[in-house]
Amino acid sequence: MSGSEEKITLAVKKLRETYRTGRTKDVEFRREQLRNLLRLMDENEEEILEAVHKDLHKPRTEATLAEILVVKNDIAYALNHLSEWTKPEPLDVPLVNKMDSCFTVSEPLGLALVIGAWNYPIQLTIMPLIGAIAAGNCAVIKPSEIAEASAELVGKLIPQYLDQECFTVIHGGVEETQCLLNKCKFDKIFYTGGSAVGKLVMQAAAKNLARVTLELGGKSPCYVDKDSDLEIAVKRICWGKFANAGQTCVAPDYILCHPDIQEALVKQFKEALFEFYGEDPKESPDYARIVNNRHFNRLKSLLSSGECAVGGETDESENYISPTVMIGVKPTDPIMENEVFGPLLPIVNVESFDDAIEFINDRDRPLALYIFANDKSKIQRFMDSTSSGGFLANDTVVHAGVESLPFGGVGESGMGNYHGKNSFDSFSHKKGCVIKKQAMESFNSIRYPPYEEKRLAWIRWLIEAKEQSYEKLSDIAPLLLSVPLAMIHKVIGLPRYFLK
Numbered sequence: 238m239s240g241s242e243e244k245i246t247l248a249v250k251k252l253r254e255t256y257r258t259g260r261t262k263d264v265e266f267r268r269e270q271l272r273n274l275l276r277l278m279d280e281n282e283e284e285i286l287e288a289v290h291k292d293l294h295k296p297r298t299e300a301t302l303a304e305i306l307v308v309k310n311d312i313a314y315a316l317n318h319l320s321e322w323t324k325p326e327p328l329d330v331p332l333v334n335k336m337d338s339c340f341t342v343s344e345p346l347g348l349a350l351v352i353g354a355w356n357y358p359i360q361l362t363i364m365p366l367i368g369a370i371a372a373g374n375c376a377v378i379k380p381s382e383i384a385e386a387s388a389e390l391v392g393k394l395i396p397q398y399l400d401q402e403c404f405t406v407i408h409g410g411v412e413e414t415q416c417l418l419n420k421c422k423f424d425k426i427f428y429t430g431g432s433a434v435g436k437l438v439m440q441a442a443a444k445n446l447a448r449v450t451l452e453l454g455g456k457s458p459c460y461v462d463k464d465s466d467l468e469i470a471v472k473r474i475c476w477g478k479f480a481n482a483g484q485t486c487v488a489p490d491y492i493l494c495h496p497d498i499q500e501a502l503v504k505q506f507k508e509a510l511f512e513f514y515g516e517d518p519k520e521s522p523d524y525a526r527i528v529n530n531r532h533f534n535r536l537k538s539l540l541s542s543g544e545c546a547v548g549g550e551t552d553e554s555e556n557y558i559s560p561t562v563m564i565g566v567k568p569t570d571p572i573m574e575n576e577v578f579g580p581l582l583p584i585v586n587v588e589s590f591d592d593a594i595e596f597i598n599d600r601d602r603p604l605a606l607y608i609f610a611n612d613k614s615k616i617q618r619f620m621d622s623t624s625s626g627g628f629l630a631n632d633t634v635v636h637a638g639v640e641s642l643p644f645g646g647v648g649e650s651g652m653g654n655y656h657g658k659n660s661f662d663s664f665s666h667k668k669g670c671v672i673k674k675q676a677m678e679s680f681n682s683i684r685y686p687p688y689e690e691k692r693l694a695w696i697r698w699l700i701e702a703k704e705q706s707y708e709k710l711s712d713i714a715p716l717l718l719s720v721p722l723a724m725i726h727k728v729i730g731l732p733r734y735f736l737k
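Here this note's numbering is used: the first residue of the sequence shown is 238, the next is one more, and so on.
Among the hints, erroneous ones may be present.
To be verified - Simulated pairs of lysine-lysine, BS3-like, Cα-Cα distance not exceeding 27 Å: (1) Lys567 <-> Lys507; (2) Lys507 <-> Lys463; (3) Lys504 <-> Lys537; (4) Lys444 <-> Lys251; (5) Lys504 <-> Lys519; (6) Lys507 <-> Lys251; (7) Lys436 <-> Lys422; (8) Lys393 <-> Lys291; (9) Lys262 <-> Lys420; (10) Lys673 <-> Lys444; (11) Lys668 <-> Lys250; (12) Lys291 <-> Lys262; (13) Lys463 <-> Lys537; (14) Lys674 <-> Lys324; (15) Lys393 <-> Lys309; (16) Lys444 <-> Lys668; (17) Lys703 <-> Lys691; (18) Lys504 <-> Lys472; (19) Lys444 <-> Lys472; (20) Lys420 <-> Lys251.
Please keep in mind that the hints were generated in silico from the structure rather than gathered at the bench.
Every value quoted in this text rests on a predicted model; they were computed, and no experiment measured them.
From just these sequences and the hints, can you work out the full model?
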């Protein structure tokens, strides 16, 4: 759906009314919608592949992996664990609450807004929706208008497979997005995109105190240690960097390495890129294109930041930029200012392992952080000494496909996370619950006025927590104490026995 502000606000109002009926809270309803979403992916695979190829010239294998299989796996994961996620979770409680039923339940937040991104237009629109459905919400889906074919397909398929009274697709650009953010009230906003718009999303959400997940990006560093197998390292970097023509939020943004191995690295890049894409990557069916002319010109302007040791060819008529490795890049060059988000890979020299850590820590925390090294102690220290949304040693990007791992940024690279149960939690409120009995009033009356010092001493003994020296003993001590305490209470009542 697209159109006027009135149409959009009316559509959102109807979703809110549907949510209030409680339809989406039913676990079997959620399961049915997830199965329908899985059917959508199964029955329309060819249309999806055609759409993302039209938008980005995305190769069939890359699209199958990143737009089809990753999404289907996440749906299957949710279906396989939904019963477990929706059950009340019992809690370990102190002695004073041993007779109570204490647990948490996950309840839906209500009405969610999912704003997708253009670089993986199916994955980054549907995967947040999986969490919204699994958690029991109604949702507005706003695909990116930049990936036109994919957005049109999402708008066509969602109403065919999902309950139209619970889920709706709204098309449009800046005007429609502003209407959703500023004229409509949501309980959860999930945004994938750049940090500038992310800040506007957060400002809009603050008006209604809506919860926000921001999946942003940033410059994800890749440190290559001297002891690495450079052939293996470069192949894995090439795959992660140049898939989708570098338009991946967790693609390695730049390489840090000692000057002594730079020449060998460049040699390996030449060999790997020839192996992957042939003599002319432009003719390869396995290499994507830049999404539009604006992004093409932005990337082309960055080529002056250093020397193109590999690649550097462009063709504006096709929005084509070849896989490019750049050397002689200084930290102050334009290419090092913002996320590249394209097939340009600068190499920055550092004199030592510690210098690499310092270089990273002097900048915004990235969405992903990569290291190639054989020394396990270096890998551990690299992980412990830096902060990033995700961390991966001796490979790139593949951590984003592990359903059970939280995926998200920190600081400038985003807030919140999703995938697997993390998606469910992202769209849920964890409600703390205590159910007490109306019996045992003599035990409970110890807290009532008039207050007495003797009672306060007894309350302190019951409630005050202390660090336990023996973990196993601490697990059973409250239980052992609660049995005789309950028996004493049953016979004569605690206040009369202990305080008089």
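Do the hints match the structure? See the list:
With a C-alpha separation of about 22 Å, the suggested pair Lys567 and Lys507 falls inside the 27 Å cut-off, and the hint holds. Annotation: proposed proximity of Lys507 to Lys463 holds, straight-line Cα distance about 19 Å (limit 27 Å). Note on Lys504 and Lys537: the hinted pairing holds, with a Cα-Cα distance of about 23 Å set against a maximum of 27 Å. Restraint check: the Cα-Cα separation between Lys444 and Lys251 comes to about 21 Å, which is no more than 27 Å; the hinted pair holds.
Restraint check for Lys504 and Lys519: the C-alpha separation of about 21 Å stays at or below 27 Å, so the hint holds. Of the pairs offered as hints, the one joining Lys507 and Lys251 is violated, with about 56 Å between alpha carbons and a cut-off of 27 Å exceeded. Distance restraint check for Lys436 and Lys422: the Cα-Cα separation of roughly 18 Å lies within the 27 Å cut-off, and the hinted pair is therefore satisfied. Note on Lys393 and Lys291: the hinted pairing holds, with a Cα-Cα distance of about 16 Å set against a maximum of 27 Å.
Between Lys262 and Lys420 the alpha-carbon distance is near 26 Å, which keeps this suggested pair within the 27 Å criterion. At roughly 37 Å between alpha-carbon atoms, Lys673 and Lys444 are farther apart than 27 Å, so this suggested pair is violated. A C-alpha spacing of about 26 Å is found between Lys668 and Lys250, which places the hinted pair at or below 27 Å, so the restraint holds. For the suggested pair Lys291 and Lys262, the alpha carbons sit about 38 Å apart, so the restraint of at most 27 Å is broken.
Proximity of Lys463 to Lys537 is assessed by CA-CA distance (about 31 Å); at most 27 Å being required, the pair is judged violated. At most 27 Å may separate the alpha-carbon atoms for a hinted pair to count; Lys674 and Lys324 meet this at roughly 22 Å. Pair hint Lys393 plus Lys309 holds up; C-alpha atoms about 19 Å apart against a cutoff of 27 Å. Distance hint between Lys444 and Lys668 is fulfilled; the C-alpha atoms sit about 23 Å from each other, no more than 27 Å.
Restraint check for Lys703 and Lys691: satisfied, since their Cα atoms lie roughly 21 Å apart, inside the 27 Å limit. For the proposed pair Lys504 and Lys472, the alpha carbon gap of about 12 Å is at most 27 Å, so the pair holds. Distance hint between Lys444 and Lys472 is unfulfilled; the C-alpha atoms sit about 47 Å from each other, more than 27 Å. For the proposed pair Lys420 and Lys251, the alpha carbon gap of about 15 Å is at most 27 Å, so the pair holds.
Checked against the numbered hints above, the structure breaks hints 6, 10, 12, 13 and 19 and satisfies the rest.
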